[in-house]
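Participant: Here is what each chain is made of, one letter per residue.
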Amino acid sequence: MNQFWIAVIAIIVAPIIGGLLAGIDRKITARLQGRWGPPIIQPFYDLFKLFGKSRIATSRMQLVWIYGYLVFMITCLVFLVLKLDILLLVFLLGFAGVCFVLGGFSCKSPYSHFGANRELLQMLSYEPVLLLTALGIYAQNGSFMISEIFNRPEPLLASLWPIFIALLVILTIKLRKSPFDISTSHHAHQELVKGIMTEYSGPYYALIQLTEWYEIVLLLGIIALFWANPLWVGILIALAAFVLELFIDNIAARMTAGWMVRFSWAIGLVLCILNIAYLYLMKGVS
Amino acid sequence: MMAVAVLLPLISGILVFLIRQYQIRGLIVVLTAIALIINSILFLKRGPFEYTPEGFNWGLAITVLDYVILLFYIYAGLSLRNWLVLIFALTQIVPLAYWEFGMGAHVELEPAFVVDHLAVVMTLIISIIGSLICVYAIRYMYDHEHHLHLEKSRQSRFLFWLVMFLGAMNGLVFANNLYWLYFFWEVTTLCCFQLIAHDLTKEAINNAARALWMNSLGGTAFVLAMIYLYVNHGGADALSVQNIIGGGISQAAALLPVALLCFTGFTKAAQLPFQSWLLGAMVAPTPVSALLHSSTMVKAGVYLVVRLAPAFSETYLGIMVALVGAFTFLGASGLAISQTTGKRVLAYSTIANLGLIIACAGINTPLAIAASILLIIFHAISKGLLFLCAGTIEHIIWSREIEDMEALAEKAPVTTFITAIGILSMFLPPFGMLLAKWMALEAAYVIPLAAFLFILASAATIVFWAKWLGRLLQVLPRLGRKLESLSFSYSVPLWLLVIGIFVIGIGVAPVYQKFVHFAVNNVVAAEKVFAEGWNILVPGVSAVTAAPAPAAGAYPVWPLFIVFAVALLLPFLFLALKPHELRPVYMCGEQVGDTDTDEWLTAADQKAKIQLGGYYFQNVLGEAALNPWVNTIAIALLLILFGVVLGVVLK
Chain F
-12 MNQFWIAVIA IIVAPIIGGL LAGIDRKITA RLQGRWGPPI IQPFYDLFKL
38 FGKSRIATSR MQLVWIYGYL VFMITCLVFL VLKLDILLLV FLLGFAGVCF
88 VLGGFSCKSP YSHFGANREL LQMLSYEPVL LLTALGIYAQ NGSFMISEIF
138 NRPEPLLASL WPIFIALLVI LTIKLRKSPF DISTSHHAHQ ELVKGIMTEY
188 SGPYYALIQL TEWYEIVLLL GIIALFWANP LWVGILIALA AFVLELFIDN
238 IAARMTAGWM VRFSWAIGLV LCILNIAYLY LMKGVS
Chain E
45 MMAVAVLLPL ISGILVFLIR QYQIRGLIVV LTAIALIINS ILFLKRGPFE
95 YTPEGFNWGL AITVLDYVIL LFYIYAGLSL RNWLVLIFAL TQIVPLAYWE
145 FGMGAHVELE PAFVVDHLAV VMTLIISIIG SLICVYAIRY MYDHEHHLHL
195 EKSRQSRFLF WLVMFLGAMN GLVFANNLYW LYFFWEVTTL CCFQLIAHDL
245 TKEAINNAAR ALWMNSLGGT AFVLAMIYLY VNHGGADALS VQNIIGGGIS
295 QAAALLPVAL LCFTGFTKAA QLPFQSWLLG AMVAPTPVSA LLHSSTMVKA
345 GVYLVVRLAP AFSETYLGIM VALVGAFTFL GASGLAISQT TGKRVLAYST
395 IANLGLIIAC AGINTPLAIA ASILLIIFHA ISKGLLFLCA GTIEHIIWSR
445 EIEDMEALAE KAPVTTFITA IGILSMFLPP FGMLLAKWMA LEAAYVIPLA
495 AFLFILASAA TIVFWAKWLG RLLQVLPRLG RKLESLSFSY SVPLWLLVIG
545 IFVIGIGVAP VYQKFVHFAV NNVVAAEKVF AEGWNILVPG VSAVTAAPAP
595 AAGAYPVWPL FIVFAVALLL PFLFLALKPH ELRPVYMCGE QVGDTDTDEW
645 LTAADQKAKI QLGGYYFQNV LGEAALNPWV NTIAIALLLI LFGVVLGVVL
695 K
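Top line first, the protein sequences correspond to chains F and E.
Its first residue numbered -12, the first sequence is counted upward by one per residue in my numbering.
Its first residue numbered 45, the second sequence is counted upward by one per residue in my numbering.
Since the hints were derived computationally from the structure, they do not count as laboratory data.
Be aware that one or more of the hints could be misleading.
[As the list claims (entries may be wrong)] Dumping the calculated BS3-like pairs for lysine-lysine here, alpha-carbon to alpha-carbon at most 27 Å:
#  : chain 1 : residue 1 : chain 2 : residue 2
1  : F       : Lys14     : F       : Lys40
2  : E       : Lys455    : E       : Lys653
3  : E       : Lys89     : E       : Lys558
4  : F       : Lys36     : F       : Lys181
5  : F       : Lys70     : E       : Lys572
6  : E       : Lys653    : F       : Lys181
7  : F       : Lys14     : F       : Lys36
8  : E       : Lys455    : E       : Lys695
9  : F       : Lys270    : E       : Lys572
10 : F       : Lys70     : F       : Lys270
11 : F       : Lys14     : F       : Lys270
12 : E       : Lys651    : F       : Lys181
[What the hints assert, rightly or not] Not the full set, but computed from the structure, chain E residues with beta-carbon under 10 Å of chain F:
#  : residue
13 : Glu486
14 : Ala510
15 : Gly597
[As the list claims (entries may be wrong)] Chain E stretches covered by chain F per the calculated footprint, using a threshold of three residues with CB under 8 Å from any CB of chain F:
#  : stretch
16 : 461 to 475
17 : 492 to 501
On a predicted model such as this, the values are computed, not experimentally measured, just so you know.
Every residue, glycine too, gets a C-beta built ideally from N, C-alpha and C.
Next up, chain F with everything else stripped away, as it sits in the complex:
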């Protein structure tokens, strides 16, 4: 039952942290752009306001997928806090992404379709690196179980730093920040309108926001695993990574989708492979 309560607490606390991070995001971005910016808890005001709006949609199918997106993301988070199999977590994260894409495909809107197709490309570019991260953790730990990471005295970062760098690139893609904000964009200068999110409004848009908050916490949690003992160091590293993403977001311009795939595969995969190959050579293949 203990595990059950851990899961419940995580499900309740995660969006609060995620919302605060989103607030920090807006604040820092505003300061970087020479504005004052909204208060840090502004995202919560926005969320509650959105939930209060009337429910308007373009098709019911897309709403089903949006719930799927949320449910899978929460499941991933539960896998993380219960320290279960990281490989399965990555697979499930992929399905969360698929649900989001299918939501985008399920209405006859050109913007939404653009966004969905591009979101698929995003998945193609980050999925292998996430799976390789799991493999790297296996190569180091002999186990895919997250619980085993906590049993190690020395941090993963010491031996897996190339994979860590690859993961930072992936984080930018996953959070849809520039230069990889190709499927949707939070900046107001887009030919995409808002890409895959164009057709969501009111409470349904709020659900997407909520899912994204879960996602931020989940991804930062994975990054924190790289320094799991003591965990507070890992959390600091994760927060630093988050701030770094904000800076990149504000100094980079958006790139094309093709460039994104080439870049993430070239940089991410090469780093991961070198890292894993090195570990295997050091330990010998069992």
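Starting from the known structure of chain F, arrange chain E on it as the hints suggest.
Facilitator: Here is chain E on its own, set in the frame of chain F:
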């Protein structure tokens, strides 16, 4: 039991061929299907046994039929003026004749058939899924011929080959005598040839000929392997499958024939660079594709490789087999992204999954073998269902193009729903393919390169499934919906397969514990059962420390149950919680009129319909762009494979 499994399909096939009445013919097929299904369950109940048929000179009959088939190939080669068919028919019949008559080989073996758990798993797949497909074919061929406006019906002929196929497959998985196995192997090749050529268009015949010569190439390797074993390892006893995998012949000595047999398996399982015959097979009526892809033909190829796995455990041959399979997984997944036709996407996805199964056989740890057997099961169900869906869709919209399936959810909600389940079952929890993929990847760490190929391929598979599903489920607002009615012969197989997917997907751990685990033990000795209760656990590898090993990985089923329950509940909740309003999509004010969303204003205020489409990346991932690379690498891998084996043999 054996007679029912192997001979009944032949007898029913002949009956179906002779009786030209739609109802009676259908009844025979249905009764045969029921008999085969019950029979396969009896096999499961009875468990392993050995059997040699007596009272009739079966060996002689098989020899004679073997030559009849090969002579037919020669005839086919000559009459089609296809020299490749002719050449590879000759490369089979000449060595075979020299071996039997020149060297006086006489292959009688006891037991002729060995039924073990692996064979039972296979026969369950063949008998249940294969039979359902035959039932589906009754009505499908009727519709098919009506659409083509044929004057003379060829349905009887079609069903003859289809039903007989099942018997040949059953014989193939039970055979212990390699020579008998070869016979059944050739029968499947023959059935496949006849079924692909069924429509007798120029394209169909050409593609059938290609399938024939590629499989004959594999058959040639089979003949060579048999002769090699017979000559070098003391006569007929060397041709016992149990001997080869049971250590009766030392591993190093058997390496070359085993490599040849694996090659035969590759050709039949359409591994790169032999993928083209299976894609060519897509011209055939859809039940053929369903049968070839799910329960027969290609499954024979992977069955042979999995069966032989003990003969190459811990050798470089095993590693090469793993790499060939893993590379096929990647290559075929990449090629699938660029396909615009539903059936071709399915075909490439099959090739990819077969590659995954073969790679698991090459990796050869208990976990990998477990993954491969689970993959065979799940893939058979899901692919069988998907092909039947593709056929049903084709008969609703008379097109195979994915883009034409746009908003199919409006035209045919039931079919779309079933198809969506089929597609989701290929990669989404709680369905089994995800578990099998997870196990495969957990197992793949032993060969890092294979693991890497797995990972890239797995990312690619998501793209084409999501894209297709997106096209299917795109829904237009405010259109009237009514459920289409499917005929009995369509809907029974479809719904039974859907139920099968759910039951086996959710109950995978018990299914594994009670049933698959023994099949794994037929291939590698797995002391530990991976399933605990409803969960699947992978024991850690701690030979070094001897301490109780931490789990290497766990596939807990309960979160999936929750996901599944919520996912099931939500659509229902959703129908209750209707949105206040359904509105047209946002078009930047460019749509014609206020509400109609189908038209918008383009340049010079011309009206145009909205047209949407997926990305197919023809330039980068198209067959023209990718095939030269993929085929070259695949051929190189095969050359290395044989180079490695010859290196060992010559040393």
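Participant: Does Lys572(E) sit within 27 Å of Lys270(F), going by the straight-line distance between their CA atoms?
Facilitator: Distance ~26 Å between Lys270(F) and Lys572(E) Cα, so the pair holds.
Participant: So if I understand the rule, the pair passes when the alpha-carbon distance is 27 Å or less; does Lys653(E) with Lys181(F) pass?
Facilitator: Between Lys653(E) and Lys181(F) the Cα gap is close to 22 Å, so the pair holds against 27 Å.
Participant: Can we keep the Gly597(E) interface hint, with Cβ of chain F closer than 10 Å?
Facilitator: 4 Å, holds
Participant: Using a Cβ cutoff of 8 Å, are there at least 3 residues of the stretch 492 to 501 of chain E near chain F, or does the coverage claim fail?
Facilitator: Per the Cβ count (5), the hint holds.
Participant: Would the pair Lys89(E) and Lys558(E) pass a check requiring their Cα atoms to be no farther apart than 27 Å?
Facilitator: 12 Å, holds
Participant: Holds or violated: Lys455(E) and Lys695(E), Cα atoms, limit 27 Å.
Facilitator: With a Cα-Cα distance of about 65 Å, the restraint between Lys455(E) and Lys695(E) is violated, given a limit of 27 Å.
Participant: With a cut-off of 10 Å, does the beta carbon of Ala510(E) approach a beta carbon of chain F closely enough for the hint to hold?
Facilitator: 5 Å, holds
Participant: So, as I understand it, the hint says Glu486(E) touches chain F; can you test that by seeing if any CB pair is closer than 10 Å?
Facilitator: 6 Å, holds
Participant: Take a quick look at whether Lys14(F) and Lys40(F) sit within 27 Å of each other, Cα to Cα.
Facilitator: Given pair Lys14(F), Lys40(F) holds - Cα atoms ~25 Å apart, limit 27 Å.
Participant: Could you grab the alpha-carbon distance between Lys14(F) and Lys270(F) and see if it respects the 27 Å cut-off?
Facilitator: Violated - the C-alpha atoms of Lys270(F) and Lys14(F) are around 46 Å apart, more than 27 Å.
Participant: For the pair supplied as a hint, Lys70(F) and Lys572(E), confirm whether the alpha-carbon distance does not exceed 27 Å.
Facilitator: With a Cα-Cα distance of about 23 Å, the restraint between Lys70(F) and Lys572(E) holds, given a limit of 27 Å.
Participant: Between Lys455(E) and Lys653(E), does the CA-CA distance stay at or below 27 Å?
Facilitator: Answer holds: Lys455(E) to Lys653(E) is near 19 Å, not above 27 Å.
Against the hints set out earlier in the document, violations occur for numbers 8, 11.
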